[in-house]
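Chemist: Just so you know, the sequences run in chain order Z, C and B.
Take the first sequence: its position 8, counting from 1, is numbered 8 in the numbering used here, and each next residue is one higher.
Take the second sequence: its position 3, counting from 1, is numbered 1003 in the numbering used here, and each next residue is one higher.
Take the third sequence: its position 20, counting from 1, is numbered 2020 in the numbering used here, and each next residue is one higher.
Treat the hints as calculated values from the structure; they're not laboratory data.
Some clues are possibly wrong.
[To be verified] Within a straight-line C-alpha distance of at most 16 Å, the following computed EDC-like cross-link-like pairs (lysine to aspartate or glutamate) qualify:
hint, chain 1, residue 1, chain 2, residue 2
1, C, Lys1104, C, Asp1188
2, Z, Lys157, C, Glu1146
3, Z, Lys157, C, Asp1067
4, B, Lys2154, C, Asp1067
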Amino acid sequence: MKQVKAETSGKPAQSGRRLHPLPIRIMHWINAVVMLVMITSGWGIYDDDVIIRGVHFGQFWRLGDWAAWSLNWHFAGMWFFTINGLIYLVYGFASGRLREKLLPIRPAEVVQTIIDTLHFKIAHDDITVYNAVQKLLYIVVIFAGVSQVVTGVAIWKPIQFSGLVSLLGGFQTARALHFAGMAVIVGFLIVHVALALLVPKTLGAMVTGGPRLDPRGRAREGHAI
Amino acid sequence: MKSPFRPDVVPNAGILDDHKPLIRSLERRGLIRGGLSLGALVMLSGCDLDRPESVESALLAIGRFNDGVQALLFDPNKLAPTYPASMILRPPKFNAYYDVVDVKPVSGATWRLELSGLIAERRPWTLPQLQALPQTSMVIKHICVEGWSYIGGWTGVPLRAFLERIGADLRAKYVAFKTTDDYPSSIDMATALHPQTLLALKYGDDTLADPFGYPVRLRMATKLGYKNQKWITAIEVTNTYPGGYWEAKGFPWFAGI
Amino acid sequence: MVCGHMKRVTPIRILLAFYLVSATTSVAHAQSTTPGGMPPPPGMSLAESAAMRFPQPVRVGDLLGRDVLRPVESQDVLGRVRRLVRDRNGQIMVVVDFGGLLGFGSRPIAVPVDAMVLLGQDMEIVAFTPEQLRQFPTFSPSGAADLADDTIIKVGLAKPSH
Chain Z
1 MKQVKAETSG KPAQSGRRLH PLPIRIMHWI NAVVMLVMIT SGWGIYDDDV IIRGVHFGQF
61 WRLGDWAAWS LNWHFAGMWF FTINGLIYLV YGFASGRLRE KLLPIRPAEV VQTIIDTLHF
121 KIAHDDITVY NAVQKLLYIV VIFAGVSQVV TGVAIWKPIQ FSGLVSLLGG FQTARALHFA
181 GMAVIVGFLI VHVALALLVP KTLGAMVTGG PRLDPRGRAR EGHAI
Chain C
1001 MKSPFRPDVV PNAGILDDHK PLIRSLERRG LIRGGLSLGA LVMLSGCDLD RPESVESALL
1061 AIGRFNDGVQ ALLFDPNKLA PTYPASMILR PPKFNAYYDV VDVKPVSGAT WRLELSGLIA
1121 ERRPWTLPQL QALPQTSMVI KHICVEGWSY IGGWTGVPLR AFLERIGADL RAKYVAFKTT
1181 DDYPSSIDMA TALHPQTLLA LKYGDDTLAD PFGYPVRLRM ATKLGYKNQK WITAIEVTNT
1241 YPGGYWEAKG FPWFAGI
Chain B
2001 MVCGHMKRVT PIRILLAFYL VSATTSVAHA QSTTPGGMPP PPGMSLAESA AMRFPQPVRV
2061 GDLLGRDVLR PVESQDVLGR VRRLVRDRNG QIMVVVDFGG LLGFGSRPIA VPVDAMVLLG
2121 QDMEIVAFTP EQLRQFPTFS PSGAADLADD TIIKVGLAKP SH
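Generate coordinates for the entire structure from the input sequences, incorporating the hints supplied.
Modeler: Here's what the structure looks like:
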């Protein structure tokens, strides 16, 4: 059934909020671009002194044709990443969206969803309800993002924030944690993008807003595609 | 007095002749090459990728904003952590914008420290004069912008004491340094006055070695390695932004840690 | 001052445009940075090339166990320093546990100390490629005398490679 657009007819049944309100969509796409800036410029910085010996990214994967510009991209992008992320978290908590969409998570559901996914049962009829694996991944990536800000600030200002660096286990350990957080986010991205492409209506939903929701936050009867 | 910060001699390009075989092997190794980078991403609205200078200027403008943030975050009373002398790396790690074979040792006997700018005493200093001043030692962590770090120990004259001794205007904004390896740079006055900013004369218990800046190098605990110049020959106190070698190539100026 | 220019692309004035690949040429810093750890110029002896690298005193005991790196950006680990010995000719050799994976399958080879440099807390072999090192005979201890831990030897320096 075709998705019904917002009408001015005044019928209450058509005026529910969308799965992805406009602020969420804007923040999502800002984050998508900025995260890629941070990751690829970060790889440029990493190459300047590799953390895992023998592993480097190479010129093709780096943003910034050499170290100075990778740094400049990274130190510019960090503001957009952090401010956008902060607004997202405040919005998510204040609006109840994070609680509604990401909790609760039951371990049995996680196992079942993994099994289903591996059997390619990812039709996902109702995209307004996140399955257990989705919830877990989104929570993990949010924590990873916060961790990147914390470890990033620590390695940016290791003397002014020497207490934080000590808590993290020292400067080189903070660097390794920052790298590990990146690896988690990149892992998430690979899964996230692959699944979005496999269920393209989720991609459309993040552009146009997706199905309208009833007061419980579920897709309206007959509007779930 | 003519400022030592106004160069009147351009470096002689003939020195490259000695290094032609090295340069040829650099090219062979593909180290002088165009770079391909994944992900040229537009994050500013209305950014026109036909004019990447605008992207660069935007990044540099944010960089200057970051310098301001760093200046606000800098606590002049906060000391960097120190470590036991047993942890000093001997010898320390060498770095420069060229490899060690191009280091040009300085003669301590003929070395003079030229002074200029907003100061009272302009007579050049000799090495024995500097060595006669009270000195202090610190064992701190060197952090390079590249990402590596090591623990080193330096002994020298606190820059603050030296600036006071030469009657410098401590309200000036910048302290600029010139070196024998054409590696100028400058720091903010707040960092210059920090207790862990030294005109270092010794590493560990020994006189600075040639590749590490003999006779005098700048050593700060609160800035990245590339701000700590070796083989200093001149100091200027000024309110005019002096810039620096790496800053001209796009690196941040404040570079505080 | 400008580091590079991009290939001509259609001007796009979109809020969040996304481009996968951009080519930039960077000639500006070609003459300013010389890579670290270059091999000795052809015809120069190891001793001469080491002497050009401002050899610094270092304690033998501080070298044992150090990673031995390849002077490239990826900092491949070639092996670890196992021993320092004087061979039957009186030359100082670094016995490196070379090759293998994560410490398994390596074999000791003797590398002249003049072929190596100090790099911070590690060492690098600058005078031989990994291919050449693979041809080195396995170290045989006969005729070689270990240097005492407190012996001070001189080893050349290099800046990081990238």
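Chemist: Next step is simple, just say for each hint if it's right about the structure.
Modeler: Hint check results:
no. : hint                    : in the structure
1   : C:Lys1104 <-> C:Asp1188 : 28 Å, violated
2   : Z:Lys157 <-> C:Glu1146  : 14 Å, holds
3   : Z:Lys157 <-> C:Asp1067  : 12 Å, holds
4   : B:Lys2154 <-> C:Asp1067 : 41 Å, violated
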